[in-house]
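**Q** Taken in sequence, the protein lines are chains E and S.
Letter by letter, the first sequence follows residues 1 to 480 in the working numbering.
Letter by letter, the second sequence follows residues 1 to 173 in the working numbering.
Derived by calculation from the structure, the hints in this document are not laboratory data.
Since this is a predicted model, take the numbers as computed values, not measurements.
Quick reminder that beta carbons are idealized off the backbone N, C-alpha and C, glycines included.
Mixed in with the good hints there might be a few duds.
[As the list claims (entries may be wrong)] Restraint-style ranges between C-beta atoms, simulated for each label pair: (1) V255(E) - K121(S): 56 to 66 Å; (2) K121(S) - Q437(E): 17 to 27 Å; (3) T25(S) - N110(E): 40 to 50 Å; (4) G31(S) - L113(E): 35 to 45 Å; (5) S32(S) - L155(E): 27 to 37 Å; (6) A17(S) - L113(E): 29 to 39 Å; (7) G21(S) - W317(E): 38 to 48 Å; (8) T20(S) - K393(E): 52 to 62 Å; (9) S470(E) - A17(S): 42 to 52 Å; (10) N176(E) - K170(S): 52 to 62 Å.
[What the hints assert, rightly or not] Residues from chain E shown here face chain S by an in silico Cβ test under 7 Å; the list is partial: (11) G65; (12) Y168; (13) T206; (14) T209; (15) L213; (16) F261; (17) A349; (18) F353; (19) P427.
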Amino acid sequence: MSQENRPARPSGRPPESGFARLSRTESGLRGPFLCFFASAVLWLVVASVLALVAAVKLHRPDFLGACELTTYGRVTAAARDTFVYGWGFNALFAVNFWLMAQLGRFEFRNGWLATLGGATWNLALTYGVVQIIRGELGGFALLDLPREVGPVLLLAFLLSALWSVVAYARRPGGQNFVSQWYIVGATFALPLVYLLAQLMVLWFPTVGTVQALAHAWFVQNLLFLWFGASALAAAYYFVPKILGRALGHYYLAPVGFWTLFLFAGLGAPAALLGAPIPIWLQSVGVVASVLGLVPVVVLAINFLSTLSVDGGWSRSWNSTTLRFVVVGIVSFLLFGLLTAVCSTRDLSATLAFTSFAEGQVQLLTYGAATMILFGASYFILPRLTGSLWPSSKLVHVHFWSAFLGLLIAVGAALVGGWQAGQQLATPAVSAAQVAAQSAPWALAGSLAALLLLIGHVAFALNAFGMILSSTTPTSDGRSD
Amino acid sequence: MKNLNLLLAGVFFCVAAVWTGLLVTAQVQLGSLGRAPAEEGGPLFPAREPGLAIQGRAVYLDLGCVACHTQQVRPAGQGSDIARGYGVRPSVARDYVLQPQVLLGQRRVGPDLANYGARAKSDAELAAFLAAPAAGVSHPPYAFLTAERSAALVAYLKSLRQDYSSPEAKLKQ
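Chain S on its own, in the form it takes in the complex (with noise of 0.2 Å):
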């Protein structure tokens, strides 16, 4: 392996057989996805964030939420998600069409969120939890948010829902 030209293609070879055959194909596979409903006629999902959800989406990153909060329900028989209550059903590919950053987290040192606003407390509660959490919760305190960047974390939290019915995810009725 002495020509450089070689060893330049054959790395090339390495990186693009497996951009292609990884995220070209998952891309072919994925990108048309769009809102569609369970059944024809029906509501169109994943639903679009409401304007206060969106700015409390920049909230949730700005804060670094994500370092301890994963967003994604596994299916059962790949851990335990569901039986602890973190989803009814589990995520699906369309669920997260209409998110500019997908936030699927890799650490859960807090619980999962995917369908957080399905089981969220009131949201006088939350925010009173966001800026003082109860003692012996393992949550920094985010005193330090004003009203209005608070409502829209609740918002953006309380719009996090993954408990409707997809083409490829139906509730059991």
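Extracted from the complex, chain E is given alone in its bound form (with noise of 0.2 Å):
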């Protein structure tokens, strides 16, 4: 390809950008949207800021050592809480409900009612961590906000999440797309496992190594089925979208879909071998876990079909969006395949308690969601707001610190973890040694915390500038 043939650099102001007007079904999201977004940016710089203490307070125990407030159980607590139900919850609602009202045509006509459910949401979570900085922290990861924050965290849900099954129930013409099934079933999924987690672990405990079995279970499905889902129904809207061609291999969607909701779940003992629960649990979650293959290859044929004919990689490259998405998808493809291959006896024994799973949830929750979640952002935004994007060196700077950040980090944790494994499979190299050795990937994590945060810094400024220079566009009856 010629350098004048060659297509431009993202400039940081996409070509779908721009749009002066709204369509119906858009202007009754601006308000939420704007809502459930401003605040998913506001909780990821908080994240962030706790993520670099945390990182950093791992191969430097004394830093902040002199105040309770900031123990690295804390931070690092506070640091997850904020960055998955603080900013992952919040931009998922947001870009959920734009994806249902833009597939089925929804006019969405009770938007304070999101926002109720927006505005309770965050007030509920800045009281959890609040509490859990004061010292009111469980001892479940994602399960440790104070218990009564659990009940109002449903509630706001429901009055938040809900609209994207209504938005389906309501199609017209009954317009149906993969993206519309994952939304649902995420949807409806997390507050019946939430619920049951609640009740499981928190309010009614159930007797000894059940409730780590309930929080497993609670983890797996948080992971796959809300994360892993919704960042799915994202990338299957936009890389057909925005390639504009239809998405290869669809006929095996639903099978990806019903084989992800299936085996998300079963394979949480996986997580747990060689903990003190029944043998034949721990064998289903290996075998689940391996048969969770399954939707990853069925997501593979899928994108990658998609992707690969017609200059699709390039051209995915050269679009700010497609940039972020395919990220997300390689790190999803990349995360199921060391899910399986990882929870194997013989690996997870020598990988447990590593920063190995640490890696493996990062690819997950940042590398596939939250890249998913940037590129859905870059899309959607100019069109609610009418406004172009401020910078496009904050955009780049967005980007590579994001992508950079995520490289690091993932790398870090991932052979870290292996060699810290390694070393921990021989008894005769003691605990001390493992952790001397294991300085310098805790150095790289807080490397690449700093550079997610200068990323994050950059995104904020970017979205709030928009959003700020917002037109306040009105719908014309524009029918897209």
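Each of the two chains sits in its own frame; use the hints to bring them together as a complex.
**A** Laid out in structure tokens, this is it:
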């Protein structure tokens, strides 16, 4: 391809941006969307600061060590919860909303209910995070918010997210697309799982290690069926939409959908290999985790066959939205592959309790879900605000900081975890020696956290600049 | 798959089937476990935590110690926990039946604590370590702990023991 013919590098002003007027479906969405999105970006910056502090404390335990409010356990729990419940949920509420309205031609008329749900969600989460920093945290990751917060979050979720199901039910003409199934499935499954996990772990704790199993089941569902499924919904929408071609081997998509929903939760016991739970449950977890390759293969066929023809990869690289989305898709496929391979007993025995599992989770929550959410934001926000992204440089800073931060964070966690696992398997190597040799990887984790913070601040500046310069477009009845 | 009810029913089936298959059956199998003697007429294990240790458990949770320490000894062949001296036998489900929150943990930045009480230093040494770990030790200083909270945390850590025989895991004589 000659220099003249080469498509322009992303300027930070995606070609799809800059619509001055909104369709009817979008005009009703604007308020709730911006409410969720602004909250999400604020939480993302808070989570990034906390994650940086936690990353530094991992190799400098005495950093901020004089203050009880900033113990590693509290800061890391607060960082995790603000990222997952603050950034992840708010952003997914917003993007799922927009996708369902677009795909179902849904005119959203009760925005105040969703906004009320969003406000409730964010107030409850703020209370919960403050309580964690004050020391009121539980022992189960992602269920460590004070238990009184749980019912409020559940109610707020129903107010905020169930509109997606309503949009699907009221779609005219029975339009039907795989993105809609994933969003409806995620929106319906998560409250059920959250309710059952809250009851079994926090409100009426089951006896002994059944709690740990219930917790593992909750985390597995949260990761796969909320983050994973919602991110895939967006990927299924944006790839064919921006490339302007039908999804390859679309007939396989239902197989991917149903196998993901069936095997995701069933693989939970694989996270507890060697733990004091029945062996048969552990074996079920391993088998289900390996069967989890089925949806991964389907997704790979769908996306790679769409991207691999007619210069799809290079066109993706030159679209700001697709650049993020494709990084997200590749991350999801890697995550699925790693989950299946590392659930085998031998590998699990070596890698358990190291940073390897955190690297895997980061590959899904950041590499897949967050990158796809970033890509979606670059597509949706200009349409809803009627403005262009204020700075193309900040878009570049955002992408490269996020991408390099992701590579370093996941690479350090996986390679450092692998190395620590090999050393821990050798009894002659003391725990102190393992910790000392893990220090460079922890340092790399701090560098990654710093890069991610820089990228997120750039994204926040650009996004809030755009929202504040918004022309407050109104509907002229355009229907797309 | 155009029918909403069918879609919701399918998703509900997936969630409910897995919940029943994993959690309900686990509850049926493990839910009735209680304290038991290793042999008929012997003492009941696990032992109840002393009152100070119960307060110490709250301190352990408050500080977020579970972020860096596990409390589970895996069987031989599934990691080197026993060879490393973390325990004398694998942890079994019965070891946890008295714990209001089971703190198995997910990451070992520091050593496993399931059987820490059996290898712990003296109370004074442990309290001094928590307040000011020796140079080069990868543990944060908790100098801010009051004497009462420190004593409670020490009592909790020393109450963590899995060095008794249970019906499922007998100690080798």
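**Q** Work down the list of hints and note, for each, if the structure agrees.
**A** Hint-by-hint comparison with the structure:
1. V255(E) - K121(S): 56 to 66 Å: 57 Å, holds
2. K121(S) - Q437(E): 17 to 27 Å: This hint holds: roughly 25 Å between Cβ atoms.
3. T25(S) - N110(E): 40 to 50 Å: 42 Å, holds
4. G31(S) - L113(E): 35 to 45 Å: 40 Å, holds
5. S32(S) - L155(E): 27 to 37 Å: 34 Å, holds
6. A17(S) - L113(E): 29 to 39 Å: 32 Å, holds
7. G21(S) - W317(E): 38 to 48 Å: 44 Å, holds
8. T20(S) - K393(E): 52 to 62 Å: Once the Cβ atoms are compared, 54 Å apart, the range 52 to 62 Å for K393(E) and T20(S) holds.
9. S470(E) - A17(S): 42 to 52 Å: 46 Å, holds
10. N176(E) - K170(S): 52 to 62 Å: Between N176(E) and K170(S), where Cβ atoms are some 60 Å apart, the hint holds.
11. G65: 5 Å, holds
12. Y168: This interface hint holds because 6 Å falls under the 7 Å limit.
13. T206: At 6 Å from the nearest chain S Cβ, T206(E) passes the 7 Å test, so the hint holds.
14. T209: Holds - the Cβ of T209(E) comes within 7 Å of chain S, reaching about 5 Å at its closest.
15. L213: 5 Å, holds
16. F261: It holds, given that the least Cβ distance between F261(E) and chain S is near 4 Å, below 7 Å.
17. A349: Check passed: Cβ of A349(E) comes within 5 Å of chain S, closer than 7 Å.
18. F353: Since chain S brings a Cβ to about 4 Å from F353(E), closer than 7 Å, the hint holds.
19. P427: 4 Å, holds
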